[in-house]
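Protein chains in written order, with my numbering: chain A, 263 to 513; chain B, 24 to 504.
Each hint should be verified, as a subset may be incorrect.
[Claimed, not checked] Chain A regions said to be covered by chain B (calculated; three or more residues, Cβ under 8 Å):
hint, region
1, 269-275
2, 291-301
3, 371-383
4, 442-455
5, 477-484
Because the hints were derived from the structure by calculation, they are not lab data.
The beta carbon of each residue, even a glycine, is placed where N, CA and C say it ideally should be.
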Amino acid sequence: MNVDLFIPCFVDQMSPQVGLAVATVLERLGHTCTFRAAQTCCGQPSFNAGYWDEARKVAIHALEVFAGAEAVVGPSGSCVAMMKVFYPELLAGTPHETAALDLAARTFEFGEFLVKKLGVTDVGARFPHRVTYHDGCHGLRELRIKDEPRQLLRAVKDLELVECDETESCCGFGGLFSVKFPMISTAMAEVKGGSLVRTGCDYIVSSDPSCQLQLDGWISRCQSSGSLSAAGGGRRPRTVHLAEILAGTVS
Amino acid sequence: MTQLLPHPETDYPVVMLAKTQFLKDAAAHVRDSGHRAFVRKALGGYYTNRDLQKARYRDWEHARDAASLAKWSAVNRLDELLPRFVANFEANGGQVHWARDAHEARTIILDLLRAAKAKAIIKSKCMTSEEIHLNAAMEKDGYGVVESDLGEFIQQLRGEPPYHFVFPCMHVRRDEISDLFGRHLGSAPTDSPEELTMIARRHMRRLYVDADVGITGANFLVAETGQISITENEGNARLTAALPRVHISISGIEKVVENLDDLSVLLPMLATAGAGQPMTCYNTLYSGPRQPGECDGPEEMHLVLLDNQRTAILADPEQRDSLHCIRCGACLNVCPIFKNVGGFTYGTTYQGPIGSVITPHLRGLADWNHLSGASSLCGACTDACPVRIDIHHHLLHNRRNAARTAPSRLERLGHRLFVVAARRPWLFAAGGAMFRRSLGLLKALRPPLLKDWLASRDLPAAPASSFRGQWAARSRTRHPD
């Protein structure tokens, strides 16, 4: 299969290793990956802020970029949800509605693609560490992805998967919410981050780089301010994307 | 535009933008980790019980479909079912009063009190009465009002509005309640919930008998029979409605359901989602005042039907389903914003996710849209809603409506500039590269937004090259030509 990589804007600039990991895994499974360099952003920030006319323009650009793709796969629940779930609403009643519905049917989140589309759970990975999984809200509630990442992690050799006591709680990122209402966002990071750290894991796995940014940002600040919970064995878990574990590229 | 708000804690109007007050209160509340932990612990019991009850349904999702359909078909035929309800209610001897807004509702009720020559008023739990600020109006006119619901009674003694639709005093500790009763009722200190309940019960008993007027709300208005359905756990609503000479009920017009069959799914779901119970202790249908030959019941039964912007929401096909709300509070119970800022921070009657959806409609979009913005859109509310209201998507719709009618010029400019770049891949890539290179400097300079992030969180260093840069290099290595 030829897979078109959908690399969210902040993955492109801040966590490129996630995109490369996605390609590594898919190529190992025998598929070819293409990166259409004209892609920029899915338009979610403007959409969430209510500036739908502006978001529409960005969405139309994305539709043009991915026209004719066999499968579009992205390592971000929130960005994929934007394309799959919200583009049809955003472009309803416009000449682009059909294209939006068409693209939605061919767009997948990375873990969703492996398990639901390719029927693969074991990609031959090994990761001898204790990990816990954070359910990103868009992936969980817009795309209904819950079990797939866990199936993939359970198939990784020597990996120990534990669950925190707040698996479905929001990390508090929410895009611009994180800086428009920073005190609430931080309180939410405290609740979710605290729960993840208390599992005593070495790695917090996520399918959403934006959640990673939030959780890692909070954990890092706790560590440097000396307030990281000792309940986690004094360990400072690192956040890592599911694709990086499956690709074996966690540094 | 400044909005005069009665501050929940002081009763005095405070001249401050609702949004400014919200940010201030939110910041203060998130620092109160004791309060947050207490509320979280209280909700832990609710989650356990709720899950136990959900598991007893043959298919909870199917039940949500049924409940959603019952409310959808009623709200979308309100023009037919509301008159049918009124006709049947009046045929039973009830008297209906129509109130366009809060002011009209208060006037109607005060007139009824005057006509009844009311001396003492007892009240059961009614969020609609909070919406119209009824208690303050009655007290201003010289009437003594006592809340008979234990949680509302506690809040009344504390001088606070309800913290939550269903659990009005969930933030109050047992020792605080004991203290409060000691000060106001002269009771001995106790740690036992049963004893505290009995203290309130003994105090209340006399008041039911002495009251001339009992004021209740309504959970459902059954069109088929003209009956008012009230759901409760304490039995205080039954005493409030039955013992005094005059019973006044207040309800939003959207509470109509078509028939009793609808209650067979709505009553258990209200209990399950709202309180983790299979059914609440009392579910009562009120069919009008005392009929000839009956030995009890009020002499007069009045129902005040309130619009207060509900018809405006009804006219909006996109958000009409927010009128399906059965005020169970489930969305509050799962909302991380509610759990972290508490019920008072919202600064308005209806808190939590559904409150954030409807308050801009009830009180003005420009002043109250910040409630729709104060959400990460996690969607837990929509998943929890027993009648499948698309709550978190309505927050997006409110944001869009606000951007259209009252945009922030600076913010819109920012988004427009982003669009200019996002449609030009070379410009977008160049902008990204510039961002990466200057991130270190930006962290030092702390411009707005970045400053808000860095106040409580770190940001990683930018990588040396972007994905597109590394991909291009990778492709060259694989296919050198």
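Going down the list of hints, with the structure as the test:
Residue count for the region 269-275 of chain A with a Cβ under 8 Å from a Cβ of chain B: 5. That meets the three needed, and the coverage hint holds. Counting residues of the region 291-301 of chain A whose CB lies closer than 8 Å to any CB of chain B gives 4, which reaches the minimum of 3, so the coverage claim holds. For the region 371-383 of chain A, the assignment as covered by chain B is violated, since 0 residues bring a beta-carbon within under 8 Å of that chain's beta-carbons and 3 are needed. By the rule of at least three residues with a Cβ nearer than 8 Å to a Cβ of chain B, the coverage given for the region 442-455 of chain A holds, with 11 such residues.
Closer than 8 Å: that is the beta-carbon criterion, and the region 477-484 of chain A has 5 residues meeting it against chain B, so the requirement of 3 holds.
The earlier numbered hint that this structure contradicts is number 3, and it is the only one.
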